[in-house]
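Residue numbers (UniProt numbering), protein chains in the order written: chain E, 1 to 665; chain G, 1 to 665; chain D, 1 to 665.
These are calculated hints, taken from the structure and not from any lab test. It should be emphasised that the depicted structure is a prediction, and the values quoted were computed from it without experimental measurement. Every clue listed holds true.
Cross-link-like lysine to aspartate or glutamate pairs, in silico, DMTMM-like; alpha carbons within 25 Å at most:
#, chain 1, residue 1, chain 2, residue 2
1, E, Lys87, G, Glu98
2, E, Lys552, D, Asp287
3, E, Lys173, D, Asp54
4, G, Lys539, G, Asp501
5, G, Lys651, G, Glu629
6, G, Lys552, E, Glu625
7, D, Lys530, G, Asp255
8, G, Lys390, G, Glu663
9, D, Lys413, G, Asp367
10, G, Lys552, E, Asp287
11, E, Lys147, E, Glu114
12, G, Lys390, G, Glu613
13, E, Lys87, G, Glu166
14, D, Lys385, D, Asp234
15, G, Lys246, D, Asp420
16, G, Lys539, E, Glu375
17, G, Lys97, E, Asp255
18, D, Lys305, D, Asp445
19, D, Lys466, D, Glu244
20, E, Lys539, D, Asp656
21, G, Lys530, E, Asp287
22, D, Lys539, G, Asp369
23, E, Lys502, D, Asp367
24, E, Lys97, D, Asp89
25, E, Lys88, G, Glu176
26, D, Lys539, G, Glu625
27, G, Lys246, D, Asp418
28, D, Lys395, D, Glu3
29, D, Lys396, D, Asp643
30, D, Lys88, E, Glu191
31, E, Lys466, E, Asp450
32, D, Lys389, D, Asp234
33, D, Lys29, E, Asp501
34, G, Lys126, G, Glu218
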Amino acid sequence: MKEELLFGAAYYAEYMPYERIDRDMEMMKQAGMNVLRIAESTWSTLEPHDNVFDFSFLDKVLEAAERENLSVIVGTPTYAVPAWLVKKDPAVLAVTKERQELYGRRQNMDIMNETFRFHAERVIRKLLEHTAGRRCVIGFQIDNETKHYGTASPGVQALFVEYLKETFGTTGKLNETFGLAYWSNSVHSWEDFPDMRGCINGGLASEFEKFQRKLAAEYLSWQADLVRAYKREDQFITHNLDFEWKKFGADIAQDGYSYGVQPDINHYEAAKCLTIAGTDIYHPTQDFLTGAEIAFGGDEIRSLKQENYFVLECQAQAFKYWTPYPGQLRLQAYSHLASGAKGLMYWNWHSIHNGYETYWKGLLSHDLDTNPTYEEACVFGREWKNLGKKLIGLKKKNRIALLVDNQCLTAMKWFPIDRDLSYNDVVRWAYDSLYEMNLECDVVDVQAVDMSRYDMIVTPALYSAKESLLQQLEEFVARGGVLVSTFKSFVCNEYLSVYCDKQPHRLHRCFGMSYNQFTEPGTAALKGQKVQYFAELLKTEGAESLGNYEHKYWGKYAGITCNDYGKGRAYYIGCFTEKGILKEIYAQAGRDAGMELPLSVWPVVFRSGENAEGHMLHYVLNYSENQQEVLNPYKRVRDLLSDKVYEPGEKILLMDWNLAILEEI
Amino acid sequence: MKEELLFGAAYYAEYMPYERIDRDMEMMKQAGMNVLRIAESTWSTLEPHDNVFDFSFLDKVLEAAERENLSVIVGTPTYAVPAWLVKKDPAVLAVTKERQELYGRRQNMDIMNETFRFHAERVIRKLLEHTAGRRCVIGFQIDNETKHYGTASPGVQALFVEYLKETFGTTGKLNETFGLAYWSNSVHSWEDFPDMRGCINGGLASEFEKFQRKLAAEYLSWQADLVRAYKREDQFITHNLDFEWKKFGADIAQDGYSYGVQPDINHYEAAKCLTIAGTDIYHPTQDFLTGAEIAFGGDEIRSLKQENYFVLECQAQAFKYWTPYPGQLRLQAYSHLASGAKGLMYWNWHSIHNGYETYWKGLLSHDLDTNPTYEEACVFGREWKNLGKKLIGLKKKNRIALLVDNQCLTAMKWFPIDRDLSYNDVVRWAYDSLYEMNLECDVVDVQAVDMSRYDMIVTPALYSAKESLLQQLEEFVARGGVLVSTFKSFVCNEYLSVYCDKQPHRLHRCFGMSYNQFTEPGTAALKGQKVQYFAELLKTEGAESLGNYEHKYWGKYAGITCNDYGKGRAYYIGCFTEKGILKEIYAQAGRDAGMELPLSVWPVVFRSGENAEGHMLHYVLNYSENQQEVLNPYKRVRDLLSDKVYEPGEKILLMDWNLAILEEI
Amino acid sequence: MKEELLFGAAYYAEYMPYERIDRDMEMMKQAGMNVLRIAESTWSTLEPHDNVFDFSFLDKVLEAAERENLSVIVGTPTYAVPAWLVKKDPAVLAVTKERQELYGRRQNMDIMNETFRFHAERVIRKLLEHTAGRRCVIGFQIDNETKHYGTASPGVQALFVEYLKETFGTTGKLNETFGLAYWSNSVHSWEDFPDMRGCINGGLASEFEKFQRKLAAEYLSWQADLVRAYKREDQFITHNLDFEWKKFGADIAQDGYSYGVQPDINHYEAAKCLTIAGTDIYHPTQDFLTGAEIAFGGDEIRSLKQENYFVLECQAQAFKYWTPYPGQLRLQAYSHLASGAKGLMYWNWHSIHNGYETYWKGLLSHDLDTNPTYEEACVFGREWKNLGKKLIGLKKKNRIALLVDNQCLTAMKWFPIDRDLSYNDVVRWAYDSLYEMNLECDVVDVQAVDMSRYDMIVTPALYSAKESLLQQLEEFVARGGVLVSTFKSFVCNEYLSVYCDKQPHRLHRCFGMSYNQFTEPGTAALKGQKVQYFAELLKTEGAESLGNYEHKYWGKYAGITCNDYGKGRAYYIGCFTEKGILKEIYAQAGRDAGMELPLSVWPVVFRSGENAEGHMLHYVLNYSENQQEVLNPYKRVRDLLSDKVYEPGEKILLMDWNLAILEEI
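Just need the whole structure built from these sequences, with the hints factored in.
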């Protein structure tokens, strides 16, 4: 595959109301597209009857693609099962904590069911046999947005007991680890192990979720192995990793957006079997477009392999509240590139005329004709054809890592800070504050972090932390690193047992403070601003208080502390503050870490990296409906879009929802 | 049956705490009543054991009625099954999408279950044998508020597959019609057809609901046939059709009111087997009494057969928030007559002392004595005894039709416009605006509309519209009609597949505009007023824009358009506006349709028709707690209630919650 | 057992992360503690395998307690079953209206299941054999917070039918009692009796709940009999009775507090088998601490046997929003004593490190070290060691009884006054108004009331009242008593059939008024203040109106009435008013009852009684964050805490959340 940006869309010929491949390809070429993503939920079309295969629709698309010189990513079709398979063996559908799944929706199978695996394997092998040899096929996507789907079938529960046996050896150790004596839950022979669906022990239930996530990652790895047996050397394997689907105002059924750690599969584990990581990112737009979701998602996916990645799905028109304003679709596209995306595919090419996602609109509306959104995609397509070689291969070297963890997310479902403050809400508060300050960071899974790469580490609500991680963090600070941790960090071990000594466990010397009480903030303020949701009552033990609570009874306690430890410094933020206060801490911590603080002129965002030619590129993105002026904070640069040259300090004018791409020259 | 208003109440002798038929009959006569409605949920009383019948309580009531010269409507008792029947065959209770029904509440049976049908038939035959010959029995009500109860038992699902086979012939056609390839839902042999309870295809699921509604209508038709075999020529068959039960503040369990299209049976289909349509209408009162629910319900039921109808149930005291203010019960009664009701029966005579509806209070409170509400019913009873012959047989000739459709309602559960704007909300917005302007209309099922009767047609959110209906509408305008359509009209075909050409499908020439994008309105306004919920971005193509959006980015699009087409004119309202704006459009459209606009002095309402003597009658209804003055907009009239004569333009004074009935003289 | 205050905590050695009994005992002694409560949910620890017992952890605790001279209350372990028992017989878990219970949480068993009873009996017998002889064991707690858990298994339903047969004899009587003819629910042979899980008859369903409560009380009595066979004469039997768990803002899972009548067991019935009643009371604190929950709970539990009682659980730190302000823990402790508590045990000693209640924090935080809350407990411990003999044995002689009833509570779930006003909300409104006026009362179950003890009786929403109770109340007034009843009192009989004569049934002469209509108040006011939720339209028939509704249409009706009857007086409050209005009525009623009204200086609360030495004690409790001054309303007194003497009328200064204990001298 020659190194160029992949630009295209998911293409569903099988959903089209009439034959129009030629017209579609023509319109795609007009938009500067070079890739189609196909087939990821087509099992019932590919295998209409048990062991009867029909690849005719695929062939038509592949032939057309080759004719038009378009590349194709072929998806394995397994994330929605055909009706005949469920008739054959109803146990294919998952039993979850809530229900026995019924046939209908996607992603409701028991991924460990043997019948499912047998048929999934066969259809994957047939598909690969049929497509791997095609010239236009540049790679494969295995499954789609894979998760564990809550599978808790008897088979899965039996595997879990085996896993526990291996991990803990004895029921005694199991009881002790999770405190099962509580409410008479202890188990004294493995045969007595109860149905996990009723489990009320947060630690054990979280362990089960961890196990379920492991099954999901192994399932993907199994698919990758199958694909690898057929694919050509030059063909990649990717997967579409998605984020937590955050609900907002609950407007209509499909209401939500991508943000935060995915609860139901671990991205780092899942990405191991991939050649290139892929993702989808959907986000609010119109008056609510900030670029934060694009940046967070990109920073997380790029950090999985410390490599650039595909955006396998991004929004075109989608729902009524996402119809983009003029300029927004293009701004979004460049924002993905600014995070290191090397492929960008709309979901989807055309709006579907029936089915569940009729109003998750594609680039084309239901009339399958041109429209303002499609036309803006054409503008972008033309631009990157000119600029693509300048933009591709962006290398980012971030000095800040923000640590995230599935186990912490699960833990906080069991032990919530507050009804209105989930783990991912804390992550967002911590990430967005960095983002708005233009302090770029990697978003790194705790399992994968190489601390030596970073000068500053941020841990939002890292509730569950095993001893070895704490040791690493302590050494990171001792060696000269800057650590910024928030409330609810380092509270319990990897099995969600709260550490039974001084909080924060092991690191209280590093932070120079400890606490053993916390409170609902009530009317408490900090630096004159309301504290919300949660407040730890910090007692300084060497640390400097950067602000005590303003409250009749809690005034003697610190809310934020700062402490020198070894060659480094450790900040602890004991409560949920306004973003402004967090940004002050970040500014101080960033300077401590030896960084020059970037210009901060939010809602204008700067994102930088080194391009393939070795030049620094700076994306300057205006996330507002107002025209903005900024002074060039870099050396002499040329705006690749306008070809205009700016001297240091020279005024750069950005129209609403517009951008500049400054190359240092 | 001599032609007179039926005035009475549901009478449940079997719920009485002690024997008091004679006292009740006396009190009814004092209230001017002439009819009782009995027996509609008494199966366990009529048939205490399988095949053991006991009609003694019926006999007592019928004998007393004949003694007192009261008429009786006898209901078949089938809408609540006896306990012994469920013991005999538990499958009598429906399996729905949500659950296996348990014994207890009414309306939870599988209406297609053979055991149920066998026993229902037998009890109906026995009841008819027993009562059809009685002099006092003037007619029969079959079942009560019949709906499909979500039945999705295996038997019903098998029937549905038969229906699909008949309708579509092949699975190929089925797949194509509903787009089942989506998410791997296509079916390639009828044996593979899956359990509909998990279906996520909006089109197919809506087809199943349509099928369920059809079963409910057929079930009623089956009951009507049974009754017809026994009843006398002079006895009618009616049924109690109810409306959607809209929830408001969720105050207590029985909280809601009647408004809008009934989701779970189609009134037009159901009414075919009836001699006379009947209905129940419950509505907010006290400070929230507007008459709109009474008018909508009446206009809909009257339009089923273009004939006057029975109000088989209307509220007496009901719940705490419906205890009528002085004057309201009487105002309500006349409002029903003003829509064409020819029978009016309270639900119910007495407040029940136990059971689920203890606080759905009747005319009598639990003390079974007189009270202000009963006394007001007596006032009305005396008045209509004097005026009845003037009021009966009201003929209404409305020139406006408002089209409604079950399929559109179902579709919008799957594809909602907005969480807070259902199909019936749009219908209400469209209807109430007409009502408040005194533009009387028929409310007509799309299956039944005879467009040649009307000068103006209104289509609120007529989302699903088959080709032939669109052709009719186009011709209606071409011939000189005035069409007023709102957003989300004509989007998809009868199977909920969005039309894949220009929107609004087929009619874009008629409207002189098209659109292929829509949006959440956000901050957009129209004519200075906030737009809510939904906005289509209309591009005029010949039409005049009656208002462009006021918005930074959408300002180039029209929100409302008007277009001359053939001899007629077509208005399109692309967004949800304040009622005031809709009323302006109606006023313009009404004038276009050649109507003289009626006086509009809301909250005083005018409702008119021709009485049996051939005189025009005008009900002038004051829906407010304030005294109102209006100037007589008619010729010389006499107020039948006060006997006062008003010259044209003369001042008419209306006390709070009071009315005049003006006869043109 | 020598007569001293029991002061201690629940102690869970089996939940401890490491061996530290000695350290714990030392810390307890420092806090002045003298009792541990142990073992109440330890079945899986005590009996790790079927019929294999292990009392080693118990022995360790008992040995340490004897060494340190601490007393121990041993709980039977039955309220959470071990996993092996459910494996052995899954039917041990209850089938409820909502579900088949799964293993995991506590309190989910079918208390009538024979397997459960067999094993519960065996483990209780073994435990008693093992511990009854220990010197330190002063008593036993049977089970914990026992309720019926919604058990509706086939066995329980069969027992219910037997109960109905015994109670009603014939199905005819059953049908008549509950009005089963309604919606065809009548039953004509016992074999036809349907599954109660679907029942929609409020009366019959409430009868089933009453039956379930009876089973729960009998189950406790069965345990008491088992214990009695082993225990020493000097050992008591207690049980932890809890209140309704009221939800507030739904902050986190464990969100709620104790207030009002317990729906799922009847305290009076349950307490019959106990030597000493026990309870747990959890309540809002910080800015929301009022003492009302402590006072209500104490007044209810004390009234069960007209004897002092144990607070077996009270909160230490608990959740983030309950972390006590300085002074609050101590104020709470004394408030319990002021209601007649003779034992006070924190739940729990230490914060648990895992499991469901990790954040229901104990006296010790997770670091198991000292902290401000523990230190405040030490202050209290030292004080009562000095003052204990003065405080113990408090005798209260209240002249007011507030009547409460389970049946009324159940009834109002079926027939709610308003979504936002439950039975317990009315009870709280009625009780708290007394509390804030320092009018101390007993809170008495209607089954247990001895009216001759009281001068004034208050009945909040005593909806269900059998004839004999009404007769007693009538006689109470006739004899000279003062009755204060609220809306929704005396509406129906014990089977929830509304009385079919004049309301309020039987007592309308006593109240000198009647009503047969009621309404949502809408905009109605009374004495210038908004009426909420519900308003009966009272017609005076001899009574004086103490306020008519201020409303255009309801102004002719009284909202509150007062009537002389015999030698007494009866007040009726027909609507939900502001507390201020209710307090005015109480003041007038109190004076009528011959009471001298106590000083009312809320948020300072007075609670009084006679101590064991025969002196009057007055607790003066400052429930606010502000310093307060009150003038001593008593004779000459000495503050036992400060030793200061106050003359009558002398100023007493109370710091925030502080108190005085005044002994008359």
